[in-house]
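Visitor: Start from the sequences and build out the full structure, keeping to the hints where you can.
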Amino acid sequence: MSTPNGFPQHSRVCLTRSMEGGAVQDLQAKKAGKAAKKEAGGEGTPPKIGTPISETLKLLPEELKANMKIKSITPRPPRKPRLERAASLDEKSWRKWRRFRTSQESLTDPNETSSSNGSLQEASPSPPTRGRASPCNPCCQQDSLHSSPDALEASPVGKSRGGASDLGKRASEISSAFGGLLRGKGFAGGKPRLSQIMPARPLPPMELNVASHSLRTANRIDSDCLDYRHYSQHKFGRVSSSLSDSKLQGNGTLYDNCSTDSMKSTFSVLTPIRAKDVRSRSYLEGSLLASGALMGAEELSRYFPDRNIGIFVATWNMQGQKELPVNLDDFLLPTDPDFAQDMYVIGVQEGCPDRREWEIRLQETLGPHYVLLHSAAHGVLYMSVFIRRDLIWFCSEVEYATVTTRIVSQIKTKGALGICFTFFGTSFLFITSHFTSGDSKVNERKLDYNKTIQALTLPKNVPDTNPYRSSSSDVTTRFDEVFWFGDFNFRLNKDRETVDSILNQNPGTDVSKLLMYDQLTSEMSRGSIFKGFQEADIHFRPSYKFDIGKDSYDTTSKQRTPSYTDRVVFRSRYKDDIQAVKYSSCPVIKTSDHRPVFALFRVKLRPGRDNIPLAAGQFDRDLYLIGIRRRTTRELQKRLEQKDQRSSSICSIS
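Heads up: the sequence shown begins at 1 in the UniProt record's numbering, then just goes up one per residue.
Any given hint might turn out to be false.
Below are the SDA-like pairs computed for lysine to any residue, each with C-alpha atoms no more than 20 angstroms apart in a straight line [claimed, not checked]: (1) Lys-550 with Asp-500; (2) Lys-638 with Asn-327; (3) Lys-575 with Lys-550; (4) Lys-451 with Val-380; (5) Lys-494 with Met-524; (6) Lys-494 with Asn-504; (7) Lys-604 with Gln-534; (8) Lys-412 with Trp-358; (9) Lys-550 with Val-588; (10) Lys-494 with Thr-521; (11) Lys-460 with Glu-397; (12) Lys-322 with His-369; (13) Lys-441 with Arg-526; (14) Lys-441 with Lys-575.
Hints listed in this document are in silico derivations from the structure and should not be mistaken for laboratory results.
Guide: This is the structure we're talking about:
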């Protein structure tokens, strides 16, 4: 079929211009246009300059096409430049080994915006885009090619047509740009890397941890506490959430300025606090479960993940002796369990004349980790409450009250002393008592108990955590956890010879035969005294009455029967809140006719509210400083003695 001008109708040939073949096809199009004009002799309309070559070839006669030997060309995409693989950082390795990059290393902006040192980056060609071919059959659409923006700009569908020289010039510019990238500017995620900058001389080696010596010393973990996390997780189930300095050092982080030193100090000792929490927290207002409450669940879980606190409770009748034991470590810090408790409560009956000296000795033994939260006295009844220094902020105001059980109230050798406070949302009451003595005076001791629970006026200002379960006639019902300890003076209803024979038959810890004659055990089973209280199993020998300085029981003419006069009992509002861990005596302290008796407990804690009068971190600062000074002096003297022993020599004469 032919056109009105006599030219045959040719099938359309779809050509897509590439960077390398564009110049040759332009020359062919020009020759074809001139030949067509000469052959047509002026007939028809000459093609316009801006007409695509596909439209021009439609007008060519068949013989002219044969003479020009035009062959159908299968378009091929241009070869991509072979680039060297950029040495990218492994993401996992980057997280594990994050280090500050120095100038000799290649820097890449993590956000792909700009270089970290402000250097200019060369503009790189944009990612290849898909070119749009002329409308043709579907096979041409499948063979559409990738072309660069420069190639598209020189294509016939652009504003103007460039010659072979222009295209060659552009190709040389692109080649030079690619060559520069091949010489050290590899791609990394669409952004070129900076070329490496070699220093004039080798850089000095950098220490792994360049924090100040004082900061390292302040945050160093004691060698004897390195296994605390493993041990506590295995035995107690408590795992601390605070980060240690060993964890920071293990990931290879460098500390080379003040900000990183400050970060290390925060992470190694205390749990980090977000700035928005500091802005929003109000300790005067806080609900039970609010995240901003000082006594709330979040703060409780931070310090006690298992919500259990360890408490040491001890009682000792000192018999009014002026001489104090040389060492109290075996009393306050028994080797089983391995770790110290969170709270220490010590009650004393017939205390030494110098009460302050006794408290200093306690502070000296417990060391700088503990502070005296409160101490009180009623005649020769003393009670001291020590707590870990980082827990004093979660205590309410401490209140105390006393009761005299003697007929003449001025004689304060018998009676009771109670101390109470709230820790987080759990209220505690500690009572130490000295009941009437005498083997047969069981009823008098019952009266002492009844008078104490009725006359002890606690709490005063600190609100009751559960007033619906409280009784005005019994002080022990007004607190969540109650510990009552002291010299209750209950005896064994058996003669001395029988008791001695039982002790000789069972020199170990089997004292079940003796407890069959214990007055207190019998009265508690009847419910006539210490109602609702429990006592841990006894596996130690009677704590009374010893010859001073010896392990033998009373050898005087009175021949008093050994008895369990010193006891520790406990009561809780909620079932299984108190778990007894250990109940024992301290036989190495022999300055009195009584042996100290102590018990270790694990007590469940509950979150509380901030609408209670807080202690605000108050403690006996003067006592703390004196005790620490004493402890330091003692350690220096011990080292000096060891040094003198090593330096001394023994001369032998043969």
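Visitor: Within a Cα-Cα threshold of 20 angstroms, do Lys-494 and Met-524 meet the stated pairing?
Guide: 18 angstroms, holds
Visitor: Just to be careful, I want the Cα atoms of Lys-441 and Lys-575 compared with a cutoff of 20 angstroms; is the pair within it?
Guide: Roughly 33 angstroms between the alpha carbons, so the hint for Lys-441 and Lys-575 is violated.
Visitor: Lys-412 and Trp-358: Cα distance at most 20 angstroms?
Guide: 19 angstroms, holds
Visitor: Is Lys-441 within 20 angstroms of Arg-526, Cα to Cα?
Guide: 17 angstroms, holds
Visitor: Taken at face value, is the distance from the CA of His-369 to the CA of Lys-322 at most 20 angstroms?
Guide: Roughly 28 angstroms between the alpha carbons, so the hint for Lys-322 and His-369 is violated.
Visitor: Between Lys-494 and Thr-521, is the straight-line Cα distance small enough, at 20 angstroms or below?
Guide: Given that 20 angstroms is the threshold and the Cα spacing comes to 14 angstroms, the pair holds.
Visitor: Between Lys-494 and Asn-504, is the straight-line Cα distance small enough, at 20 angstroms or below?
Guide: Between Lys-494 and Asn-504 the Cα gap is close to 15 angstroms, so the pair holds against 20 angstroms.
Visitor: Take a quick look at whether Lys-638 and Asn-327 sit within 20 angstroms of each other, Cα to Cα.
Guide: Since the Cα atoms of Lys-638 and Asn-327 sit roughly 13 angstroms apart, the hinted pair holds (cutoff 20 angstroms).
Visitor: Run the distance test for Lys-451 versus Val-380: straight-line Cα separation, threshold 20 angstroms.
Guide: 19 angstroms, holds
Visitor: Can you confirm whether the C-alpha distance between Lys-550 and Asp-500 stays at or below 20 angstroms?
Guide: 16 angstroms, holds
Visitor: Check whether the Cα positions of Lys-460 and Glu-397 lie no farther apart than 20 angstroms.
Guide: 10 angstroms, holds
Visitor: Would you mind confirming whether the straight-line C-alpha gap from Lys-575 to Lys-550 stays at or under 20 angstroms?
Guide: Roughly 41 angstroms between the alpha carbons, so the hint for Lys-575 and Lys-550 is violated.
In summary, the numbered hints that this structure violates are 3, 12, 14.
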